[in-house]
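Build the full structure now, drawing on both the sequences and the hints.
Number of protein chains: 2
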Amino acid sequence: MRQGYGRGQGRGHRWGRQLESSGIRPTLARELVFSVMESSEGHLSVEEVLQEVRKSEEGIGLTTVYRSLELLHSNGLVKKLDFGDGRAVFELSDTLSGKGPHQHLICRSCGQVQDLTGSPVDKEDFAGSMKSFIREKYRFTTENMEIKVYGLCSECG
Amino acid sequence: MRQGYGRGQGRGHRWGRQLESSGIRPTLARELVFSVMESSEGHLSVEEVLQEVRKSEEGIGLTTVYRSLELLHSNGLVKKLDFGDGRAVFELSDTLSGKGPHQHLICRSCGQVQDLTGSPVDKEDFAGSMKSFIREKYRFTTENMEIKVYGLCSECG
DNA sequence: CTGATAATGAAAATCATTTTCATTCTAGTG
DNA sequence: CACTAGAATGAAAATGATTTTCATTATCAG
Chain A
4 MRQGYGRGQG RGHRWGRQLE SSGIRPTLAR ELVFSVMESS EGHLSVEEVL QEVRKSEEGI
64 GLTTVYRSLE LLHSNGLVKK LDFGDGRAVF ELSDTLSGKG PHQHLICRSC GQVQDLTGSP
124 VDKEDFAGSM KSFIREKYRF TTENMEIKVY GLCSECG
Chain B
4 MRQGYGRGQG RGHRWGRQLE SSGIRPTLAR ELVFSVMESS EGHLSVEEVL QEVRKSEEGI
64 GLTTVYRSLE LLHSNGLVKK LDFGDGRAVF ELSDTLSGKG PHQHLICRSC GQVQDLTGSP
124 VDKEDFAGSM KSFIREKYRF TTENMEIKVY GLCSECG
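Going line by line, the protein sequences match chains A and B. Residue 61 in the numbering used here sits at position 58 of the first sequence, with consecutive numbering throughout. Residue 13 in the numbering used here sits at position 10 of the second sequence, with consecutive numbering throughout.
What you were told as hints is all true, and nothing was included just to trick you.
Chain copies aren't distinguished; within one or between two, either way the pair holds.
Once the Cα atoms are required to be at most 30 Å apart in a straight line, the calculated DSSO-like pairs of lysine-lysine come out as:
id, residue 1, residue 2
1, Lys82, Lys102
2, Lys82, Lys134
3, Lys151, Lys102
4, Lys134, Lys83
5, Lys151, Lys83
6, Lys58, Lys83
7, Lys82, Lys140
8, Lys102, Lys134
These are computed hints drawn from the structure, not numbers from a lab. Since the structure is predicted, the reported quantities are computational estimates derived from the model, not experimental observations.
Structure follows, in structure tokens:
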């Protein structure tokens, strides 16, 4: 990186609280990536994150964005999703976004992705009720559940 | 193909019933691919299908297996799944397998994939109850639902 | 049988992601 | 404050699944 990635923040004085408390060494690249994720409403592809990050620092490389996202993901700060088009997209963790647990409805016509929350079982906590159902019926311990519903949104239907 | 792919079956006398009635022109390659899918219990990767197919006909190419699976998939004879390891796997359609609608439980430890049927809502028809819930709440028309549950199976848990 | 059309296979092209490797930073330590 | 082992970075090369290209071969309606 041309200008050095520490850029005087010492031990996270300027940024880095979230990263440090997650046990991630705060660097400029990581901060920028996390900041982009934090300020985006929904999900972003790696390429999109790169674009955003480069608005602040041209020199950041694609590889580093991949690595940073992977790191944020393995530390639970961002979710990694796959909407079936052959590339990963990332979004802020449910906790950090304040959205709470949700799944996705993906329109095959316009491509729009909207959040799905609640369920016919428990209006609030779908994952919870599925988990206990699965535990009881299969003795399988659910760690992560991913539901993708493909179809037509209200606009396209 | 060295020996010609019709190999004397005329209009599906030997095989090809299923394919013909689905509007797919029956060829040796397609029949072999479909036959492999039919006789396999669960899901197979493209490479695995190729292996099996080549036990009957060495000359079959990988490209053709890709194309055949895609064709069978777009005609509803096989399902195309993604267990998150970067490659597609295919399995016989729920109708043809007689399994009925099901989702998957994927163990992150041993990699085993087991079928998930039923739900806390409707013991028999999970997808159905989700569909109506989604239609009512979001006015979204569900065409295909994919649920992947990652965790630990009873052996590994 | 025969020609128009479709299917096939090998090799090349794609494309997202990962790896390699030389360089640059960072966080202590003295 | 200088120094160094270890971590992070970026560019380029490698990977690996899937797709495309294109010349060849097979199919089937007439």
